[in-house]
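*Asks:* According to the numbering used here, the residues represented by the sequence shown are 3 to 633, in order.
One should not assume that every hint holds.
[Unchecked claim] Listed below are the simulated PhoX-like cross-link pairs for lysine-lysine, each with C-alpha atoms no more than 20 angstroms apart in a straight line:
#	residue 1	residue 2
1	Lys17	Lys365
2	Lys247	Lys432
3	Lys543	Lys511
4	Lys298	Lys199
5	Lys190	Lys469
Hints in this document: simulated from the structure, not taken from any laboratory.
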Amino acid sequence: MDSMDPSRAFVRNVKRLIVKLKQLNSGGYEVILVTSGAVGLGRQRLRYRRVANSSFADLQNPHNGFDGKACAAVGQSSLMALYDTMFSQLDVTSSQLLVTDGVFRDKGFRQQLSDTVTSLLDLRVIPIFNENDAVSDRKAPYQDSSGIFWDNDSLACLLAMELKADLLVLLSDVEGLYSGPPSDPKSKLIHTYVKEKHQGEITFGDKSRVGRGGMTAKVNAATCAADAGIPVVITSGKATDNILKVLQGERIGTLFHQDAHLWTLVGDQVGAREMAVAARECSRRLQALEAHERRKILLDIADALEANISVIMAENEADVAAAEESGYETSLVSRLALEPKKAISHFSLCIVQICALAESVRKLADMEEPVGRALSRTELADGLILEKRSCPLGVILVIFESRPDALVQIASLAIRSGNGLLLKGGKEAKRSNAILHQVICSAIPDTVGDKLIGLVISREEIPDLLKLDDVIDLVIPRGSNMLVSKVKSSTKIPVLGHADGICHVYVDKSANIDMAKRILHDAKTDYPAACNSMETLIVHKDLLSDGGLNELIFDLQREVLILIASLQKILKLLKFSYNKLTVLQYSIMQVPDSVMDHDLDLAQRLLRGSGQVVDGGNGVTFTHKDLPLDS
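With the hints as extra help, turn the sequences into a complete structure.
*Replies:* The structure is reproduced here in structure tokens:
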């Protein structure tokens, strides 16, 4: 990018922006664009003309100085020609409105400006505002405090207030407002700006290479507009999809709002460290409970799930409807629903599914106590015994797919094993995850604290969480190999990951073919959206010659697209058949009855003796004898 001609880079960025503005215009949005670039384009044209008309001697002594106002005058026509050409190619009409600082002092001008813009918007024309730098009477506009606006950011703020805009989006070259210079690894993106909190905490870095005021100007403009009741988002202009994401309500960039100081810091507003520390403190109180007290918490959670079936169903159905409306694949929608198998009555089947979840929690509560369990006992010497006992891990961060029942399973296991928990589920299940999290936390007693299980709302929080190796003890990413690899490369925290799925079925030459056919059909077609449905069929080589292979796949290929990947090795069933997930998963959380059999525990070693003194082994007879666990 640094080696690219600045004009070409500018044109490329403008083209990307125009495509998104076209989408907004076609979608019924009224869009007003405040832009700059006239000075840069004019300088480039004048430089090119000078080079083209220079002698060799002139080139040996280049003169790079150009008057800024002359550059603005030359570049203004080029800038608007660029916008007009690109918009016209997309069948969109644009218009140019050049303004200067002083004209806004005229009340009549402001009224006429409002009327003109309203007429243009009614005609589906996109107004493009520029400051007329060519005739501006300020030599150093950004430092001139006598003006009404000083740069494009303050001009955009002024226009937003004058035209009573619903939203102001300020595009930057970074993702938003950071607590410090964006290049500083310790700087964090501020998602919601609260003036009373952040004004004295932010350290601004160097001004951008382009523009006049940099982030300081954007924050001043955004604060001014927000105080006037206009929501403002500062986000990156490099990712032009950000404009659409902002309008869709996604958590992009930094939000400025008049009432931001009144909003309660919940969910995604709680800092990553605060959430993790709270989970750790609660987990220590949980570990101090007796086994029967932790068991009672699980039983209360099971009762709470059954008592809130109607609310859980309503939120889950809203997630499913939103996913279907957004055009997500059938496999994802199937995993998202709390009723993985379709039936005549969605209502009754969803009740059955939630009740099954509650019952699985009760079964987990009735399992053997996982904390403090003796794993081994060794007599090192007479009266000196080394014990190995299971103990909790501490705080676990689990990133999982859009499968709401996984939240219940993971949370139940964490409580049973005395661990704090941070959960980040798929955004498609945000309503289901939120209500399940609320129901579960409501059953946790005050002696432990409802911050034991934290729900991470936005994926933007994940990078901050992965830095907390002093608080979080384990990360478990459930998902694609790409996700696991990215997590592993982004943290010092131990990661319980996987490589690829191992959902294989092997049919030996001695197998009962009829039985094998039934097994294969069930393994692939009963619930193909499941992460443990069959991905690969491996057959003995003799079945290739005796017709066994053809018999196995004859019925199956009516429902599943089949590809012979290697006659010597495997028969691979394509993952996209039945809208199967395109990633392979090792289901570390999935066991019969939806209860996880992998204890999230570590082992601690306790040395019990009677005052022995370590003296290089002198006078000690070591026995190293294994002892029974119950002695």
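*Asks:* Hints first: check each against the structure and report whether it holds.
*Replies:* Now for the hints, and whether the structure bears them out:
A threshold of 20 angstroms between alpha carbons decides the hint, and for Lys17 with Lys365 the separation of about 59 angstroms lies outside it, so the pair is violated. Between Lys247 and Lys432 the CA atoms are separated by roughly 17 angstroms; this keeps the pair inside 20 angstroms, and the hint holds. Under the criterion of a C-alpha separation no larger than 20 angstroms, the hint pairing Lys543 with Lys511 is consistent with the structure, at around 8 angstroms. Between Lys298 and Lys199 the alpha-carbon distance is near 41 angstroms, which puts this suggested pair outside the 20 angstroms criterion.
Restraint check: the Cα-Cα separation between Lys190 and Lys469 comes to about 11 angstroms, which is no more than 20 angstroms; the hinted pair holds.
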